[in-house]
Every structure is written in structure tokens, then in C-alpha cells.
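Enquirer: Here is what each chain is made of, one letter per residue.
Protein chains: 2
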Amino acid sequence: MSVTAAQGFTAAGIAAGIKENGNPDLALVVNNGPRLAAAGVFTSNRVKAAPVLWSEQVLKGGKVSAVVLNSGGANACTGPKGFQDTHATAERVADTLGLNAAEVAVASTGLIGLLLPMDKLLPGVGTAAGQLSPHGGEKAAIAIKTTDSVHKTAVVTKGGEDGKGGWTVGGMAKGAGMLAPGLATMLVVLTTDADVESDVLDKALRAATRTTFDRVDSDGCMSTNDTVLLLASGASQVTPEHAEFAEAVRAVCDDLGQQLIRDAEGASKDIKVEVVNAASEDDAVEVGRSIARNNLLKCAIHGEDPNWGRVLSAIGTTRAAFEPDRLNVAINGVWVCKNGGVGEDREKVDMRYREVHIVADLAAGSETATIWTNDLTADYVHENSAYSS
Amino acid sequence: MSVTAAQGFTAAGIAAGIKENGNPDLALVVNNGPRLAAAGVFTSNRVKAAPVLWSEQVLKGGKVSAVVLNSGGANACTGPKGFQDTHATAERVADTLGLNAAEVAVASTGLIGLLLPMDKLLPGVGTAAGQLSPHGGEKAAIAIKTTDSVHKTAVVTKGGEDGKGGWTVGGMAKGAGMLAPGLATMLVVLTTDADVESDVLDKALRAATRTTFDRVDSDGCMSTNDTVLLLASGASQVTPEHAEFAEAVRAVCDDLGQQLIRDAEGASKDIKVEVVNAASEDDAVEVGRSIARNNLLKCAIHGEDPNWGRVLSAIGTTRAAFEPDRLNVAINGVWVCKNGGVGEDREKVDMRYREVHIVADLAAGSETATIWTNDLTADYVHENSAYSS
Numbered sequence: 003m004s005v006t007a008a009q010g011f012t013a014a015g016i017a018a019g020i021k022e023n024g025n026p027d028l029a030l031v032v033n034n035g036p037r038l039a040a041a042g043v044f045t046s047n048r049v050k051a052a053p054v055l056w057s058e059q060v061l062k063g064g065k066v067s068a069v070v071l072n073s074g075g076a077n078a079c080t081g082p083k084g085f086q087d088t089h090a091t092a093e094r095v096a097d098t099l100g101l102n103a104a105e106v107a108v109a110s111t112g113l114i115g116l117l118l119p120m121d122k123l124l125p126g127v128g129t130a131a132g133q134l135s136p137h138g139g140e141k142a143a144i145a146i147k148t149t150d151s152v153h154k155t156a157v158v159t160k161g162g163e164d165g166k167g168g169w170t171v172g173g174m175a176k177g178a179g180m181l182a183p184g185l186a187t188m189l190v191v192l193t194t195d196a197d198v199e200s201d202v203l204d205k206a207l208r209a210a211t212r213t214t215f216d217r218v219d220s221d222g223c224m225s226t227n228d229t230v231l232l233l234a235s236g237a238s239q240v241t242p243e244h245a246e247f248a249e250a251v252r253a254v255c256d257d258l259g260q261q262l263i264r265d266a267e268g269a270s271k272d273i274k275v276e277v278v279n280a281a282s283e284d285d286a287v288e289v290g291r292s293i294a295r296n297n298l299l300k301c302a303i304h305g306e307d308p309n310w311g312r313v314l315s316a317i318g319t320t321r322a323a324f325e326p327d328r329l330n331v332a333i334n335g336v337w338v339c340k341n342g343g344v345g346e347d348r349e350k351v352d353m354r355y356r357e358v359h360i361v362a363d364l365a366a367g368s369e370t371a372t373i374w375t376n377d378l379t380a381d382y383v384h385e386n387s388a389y390s391s
Numbered sequence: 003m004s005v006t007a008a009q010g011f012t013a014a015g016i017a018a019g020i021k022e023n024g025n026p027d028l029a030l031v032v033n034n035g036p037r038l039a040a041a042g043v044f045t046s047n048r049v050k051a052a053p054v055l056w057s058e059q060v061l062k063g064g065k066v067s068a069v070v071l072n073s074g075g076a077n078a079c080t081g082p083k084g085f086q087d088t089h090a091t092a093e094r095v096a097d098t099l100g101l102n103a104a105e106v107a108v109a110s111t112g113l114i115g116l117l118l119p120m121d122k123l124l125p126g127v128g129t130a131a132g133q134l135s136p137h138g139g140e141k142a143a144i145a146i147k148t149t150d151s152v153h154k155t156a157v158v159t160k161g162g163e164d165g166k167g168g169w170t171v172g173g174m175a176k177g178a179g180m181l182a183p184g185l186a187t188m189l190v191v192l193t194t195d196a197d198v199e200s201d202v203l204d205k206a207l208r209a210a211t212r213t214t215f216d217r218v219d220s221d222g223c224m225s226t227n228d229t230v231l232l233l234a235s236g237a238s239q240v241t242p243e244h245a246e247f248a249e250a251v252r253a254v255c256d257d258l259g260q261q262l263i264r265d266a267e268g269a270s271k272d273i274k275v276e277v278v279n280a281a282s283e284d285d286a287v288e289v290g291r292s293i294a295r296n297n298l299l300k301c302a303i304h305g306e307d308p309n310w311g312r313v314l315s316a317i318g319t320t321r322a323a324f325e326p327d328r329l330n331v332a333i334n335g336v337w338v339c340k341n342g343g344v345g346e347d348r349e350k351v352d353m354r355y356r357e358v359h360i361v362a363d364l365a366a367g368s369e370t371a372t373i374w375t376n377d378l379t380a381d382y383v384h385e386n387s388a389y390s391s
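Sequences listed follow chains U and A, in order.
So the first sequence is numbered by my numbering: it starts at 3 and just counts up by one.
So the second sequence is numbered by my numbering: it starts at 3 and just counts up by one.
What the hints contain is simulated information worked out from the structure, not anything from laboratory work.
A couple of the hints might just be wrong.
To be verified - Straight line, CA to CA, 27 Å or less: simulated DSSO-like cross-link-like pairs of lysine-lysine:
1. U/Lys340 / A/Lys83
2. A/Lys274 / A/Lys340
3. U/Lys62 / U/Lys83
4. U/Lys350 / A/Lys274
5. U/Lys83 / U/Lys65
6. A/Lys350 / U/Lys83
7. U/Lys271 / U/Lys160
8. U/Lys205 / U/Lys271
9. A/Lys340 / U/Lys83
10. U/Lys122 / U/Lys160
11. A/Lys122 / A/Lys83
12. U/Lys271 / U/Lys65
Turn these sequences into a full structure, and let the hints guide you.
Expert: Rendered as C-alpha cells:
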């Protein structure tokens, strides 16, 4: 049900002709209220696409009445004309639906450095508006795909067992490569019918992305277009406890983040890097990222080689607190490295399955963090040397 | 001529049986003086192999009379026994040649996490000692190869046109992957017959490695064993100007660094990333490394796709001073990105040749730095998923 699982939202997904192959490429998500609260998190890349610059401004007001998203072009590195195009897109949505353009967020994904075909995109807005539906969530999720092999949606519903008082957080995501901290080439729209103000949305969204999307690091590359939006309609007339609401947002983000990793370009393994007994959470995250970004290790995992030396080598490049001769590493439950040296027999490690679990024990404290990544494969090279994105 | 191009040095390279395939795997380099000055630079990885820990101590004295190097095993992450083995190796060299073990440096390369076969290595020291020769430089260079397809040597000779007063810096290197800042899985021994004290050697070597080996970044991975040693015999009885000497050392390091990049595992392109008009050299290096480590860009270059969007995306992840709308990028001489947007026609970029030259103009100052890297290829994945190293 995607972005229309929550009450108060309509959505549509259509083929506007932005993509040359005729696949769906334009999505519209509309908040019908009564509340129009919103929060957003954007790429920390300093080279930001025009729609990111635009939507950052929109979100400062804490109100979003509609989101228009396109695949088939990132509208990044497109100069003043690119920004004008984003602005014109928001204006067209506003005009068509009788909204204020300053409350229309825009998101784009696809090739960098190309202007969008506005002669196709703008008429597409009218077409999409005509197809808005409370059942349009799936179509919207399909229209934002680029190299994604599947569309991604998630829903959490709370309460309501007695027939009333329930509320929902739902969402859609696209992204299959360039997943990295500070988000990914990742567009996500989350919606909720909980009756929640924008500052509560903001707090919940930042907390959720920090431990979910920000810890999904497929290939270490950071995009110019990453956008995660959370819109509240208030249509359920229920105001949940903040903690319960934050947990629901986190759960949806976590679910979508896992789907992104499982669909990463060319990957054959999903690797869970769990750092334990760190002196601080920051240390745990730094070590986790260093392991997750080690190309040699990622190749070894692809070859089903439990190469713990490459894990230690990656840990050694960090500033985290640890003593080399106290480090322990487990791969799929086998402690192949103990006290910085050879541990249990590496022949015992079973790496036949898609999920690989690496535990790095820093023996320096009690903090922990988990980073997800993928293996490095010839397919990844092929996809990314052939597809200009 | 390698490490024996300079007067006062003998060397040998033999097959001790450390490698199961019977290839040469043990090298010995001896400084016959009259001077025994030396300097060393080691990996900045905090997980250091036993020979690195040993040799760091040896170099503190500023004197090295011999270097023993083995391939076929890194002696890293091998605990107290590994350190005892390194110590025993130095002792055996000292006993065999009548030297002080505290002046014998040790270097190892190969698999992490395995103890060396000392029953083969120690007798090999005797064999190598018996073959020491002023013409042994090539054999020594061959014996330190691991996945290298060729052995690497370089020589610079200065002066001596009038039949006297000349001096030489020569050297050998191994390394074909894991090349990264803070050095590489890289063993380098440089020798000179210039009559130079250890503090001058140290200064020249640090300055040279900072702008050569430290800016060779094949795959972003940093090894546990990187070692660069510079030994002076004083046999030429010439003490060069410091600047001239430093330049000769830099030139040899630069030559060897280029050879490492050209032989990087699985690479089909050598990529020169030149950052210009940076506000500081640190900014230039940070931006250069970020570009050089971008897997998506490295795949694009492999596919001969002048994907400047990925260059901008990499620049955007740094803290360097720049404005996104003033960035310019040239690929093989074509300014495909101007002022943060589309520049000259990307179809003009000719990427058929092995060397690719990327210029990133930050338009923020006048500093510059060059980082060398390789493309990311399916062959890299194959080599590193099959070879446990």
C-alpha cells in the first residue's frame, strides 16, 4: 500500500516519457490533510541537485501538501536552468491541484548532468493529477525506480484493534546503488495518518535515518539527490506517544533500508557488519564503515573466503579505541580471529548463503553499531561501467 | 641493477620454499659501508605486522647493516610467536654475516594470519648469504614479488661525468594491490652510495614518500606490512647537496610508484587525478583521494564513460573549500564540466588509451596535488575473491 496505506493520502504513478524506454517515471503523492505537517532529511553531499536545494527550502516551513518525484533524470549539476525546472515543476503541481508551490516538494533521480525534458514532464503532472487515488501507492513506488529490480514499500500499523484509534506509517523507496552514509541515491517518501506536529516528525525522522539508511553502505558512494520525506495527515485523529511513533518510523525505515541492500546493484551477498564492545557509538560506526568499505574484503566475501586479515586491516585504519592484540572477529558465528591472531579453524565458516554476518569485537567498551553492505562483484562492475548514472 | 646499482651493497634472491609453488621468496640486501646510515617509513595502519614492529625499532637507531625480506607470508596478526619468528630471522642473518641483529631490518609480504615456515626460512638465510653479490639486485627484486606480474626497479645516477664524484640512488619495490595512502602492501628498499647521515636520509625519504607512494591509491585499502627503507653506504665518498639528494630519492620513489600503479591487480586504466586551484594542499589531497576512491567513477572509467557527475559527487563529500557552481572538470583534456554544470561535449573525450587524466578545478586557490589510481574491473574482483591475501 506504500504511501497510501495511511489515511488522508492519494498518489499516482505514470509514464510521462522522461525515460526513453517508456517505463513509468513520474509519481505524485498528495496529503489531503487535515494536517499538512512534514519533515525531511537530505543528502549531506555538498554538491546538491536542484530538487534537493528546492525541497530543503520547502521543508523549512514544516508543511508539505504534495510531493512530485521523477525518475529518468537527477536534475543535478544542471545550473540555474535546472533550478528553474524544479521550480516550474512545483508551480505546475500547485496550479493543477490548487496548492501553494512553496509547499510542494520535488525529488528527482537518474542521470547527473542532463536537463529534464520539461516538455514531457510538465504535461505528465496533469496526467498524474488526474489519476490520483487512495490506492495509488504501488504505482507511485513503481514510477520512482531506476536500476531497481523491484519496487520497495513498507507499512506499520499500530492500535486500532478495537476498531478505532489506529494509525499507520507507510512508505516507498527507490535505490539500488550509491547507497552510503548521508543517505544514498535514494528517494523515500513516508506518510502517516498520525496527528503529529512537524517538530515531532523531524525528531523521529532524524533518529530513524541515523540508525537505518545512514548505516546502509552498499558502495561507499554518496549521491547528490538523496531525499527522505515524512508527511503527516492527521487523518486518524490519533496522537501517539512520541516513543511509539518514533519506533514505528524507525521500523519502516529499517524495513526499506533492508530492501535497498537486498536489491543493491550486482550484489550476491548482503553483509551485516556488527561492531561490538566499542568505547563509543562513534567508534563503532567508524569501524563498521571502514570494514564495510574495504574493497578487498568485499571481494573476499564474494569469493566466500572468510578473510579476517582484511577485517583487521580495515579496523587498523580507524581512530577508534582498541588494542590490536585484543581484537576478535567472528564470521558467520566462527571466531576466526582471537586476540588479534588466528582463532578457530576458518574451514568451519559456512558462507554458502546470501547473508554474511561479521562481528568485530573491539574489546574496548560496551557500545555497538551495525552497518549493512554488499559484496563487490563483477556484476557490480559491469552494471556501473555500462550505465551512465 | 636495483638495490645493487649503488656501490657498497650486495644482494641475493633465492627460493627458500616459503612459497609452495617454488618461486623465489627470500631476499637479502647487505650494506658493506663504510657508512651504515638508514631511514624508514612504515604503514600507518594500527594493525602492524611483526616485521614492521621489529624494523621500526631497528630504524630508531638510524643504522641498518642488512635487510632480509620474504614473500609468501606477511607474518601479520600472528601474535607473540610471529614476533619471535621475526626476531629469530634477524638473529640468523646477524649470526650468518657477523652483524648485530639490532641493525638487521626485516620485511614480509603475503598472506595475513599465517605463521612463517621457519624450518624453511632460516636455512634460506644461509643460502641467500652464500649468494650475496654486487650484481644480486635483480634477483632480490624478483624474490619479493607476490601477485606482481613484473619485478620493479629504478635507478638515478648523478654527477660522475668527469669520471669521479658520481653517486647513485637505486631501489626495488613490490606491490600490486592494497596500494593506499599510508603506503601499500608495498615493500621498497632504496640504496645509495652517497655519503649522507641518517637524519638527512630520513628527511629526504619522508618528503619523497609523502608525494609519491602516499599518493598512489589503487584500491583504498591500507596494508599491515608497508615498509620503505633507504640505506646509505657512503661508498661514493660524495656528499651531495641536500636538495639534489632529496630530488634523486623522490625521482626513484616516483618511478617505482608509477610501476606499482601500472601493475595494479586487474586494472585496465591508470588514472591520474590532478586537483588544481585548491585553497590548500591538504584540500587538494583530500579531494584527489575522494575522487580516486569512488567505486562508481572507477567503474565508469573502466567502461570508458567520461562520467563527470561522479567526479562532482565525490568532490561534494569532502570538507575542502569550494563552491559547487564554480567547479570545473576535464577528462583527457576536454572540460566536460564547467561551473558545476554541463561543459564541452562529452563525446569529444577519447578514452581508448590506458592512461586517463582527470583534472578537478576547485576554483578556490592555487594549490595542487596529484593522486594516481586505477579503474575498478571484473578482473580485480576475480583476483581478490580467489586469492586469499
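Enquirer: Now tell me if each hint is right for this structure.
Expert: Verification of the supplied hints:
Of the supplied pair hints, the one linking U/Lys340 and A/Lys83 holds, its CA atoms being roughly 14 Å apart against a limit of 27 Å. Proposed proximity of A/Lys274 and A/Lys340 is supported: the alpha carbons are some 20 Å apart, at most 27 Å. This hinted pair checks out: U/Lys62 and U/Lys83 have alpha carbons roughly 23 Å apart, not beyond 27 Å. In summary, the hint linking U/Lys350 to A/Lys274 is not supported, as the alpha carbons are separated by about 43 Å, beyond the 27 Å threshold.
Distance hint between U/Lys83 and U/Lys65 is fulfilled; the C-alpha atoms sit about 26 Å from each other, no more than 27 Å. Distance hint between A/Lys350 and U/Lys83 is fulfilled; the C-alpha atoms sit about 24 Å from each other, no more than 27 Å. Of the supplied pair hints, the one linking U/Lys271 and U/Lys160 is violated, its CA atoms being roughly 33 Å apart against a limit of 27 Å. With a C-alpha separation of about 33 Å, the suggested pair U/Lys205 and U/Lys271 falls outside the 27 Å cut-off, and the hint is violated.
As the CA atoms of A/Lys340 and U/Lys83 are separated by approximately 14 Å, the hinted pair is consistent with the 27 Å bound. Distance check on the hinted pair: U/Lys122 and U/Lys160 sit about 40 Å apart at the alpha-carbon level, beyond 27 Å; violated. A distance of roughly 16 Å separates the Cα atoms of A/Lys122 and A/Lys83; the hinted pair therefore holds under the 27 Å criterion. With a C-alpha separation of about 40 Å, the suggested pairing of U/Lys271 with U/Lys65 is violated against the 27 Å cut-off.
The structure is inconsistent with the numbered hints 4, 7, 8, 10, 12, although it conforms to all the rest.
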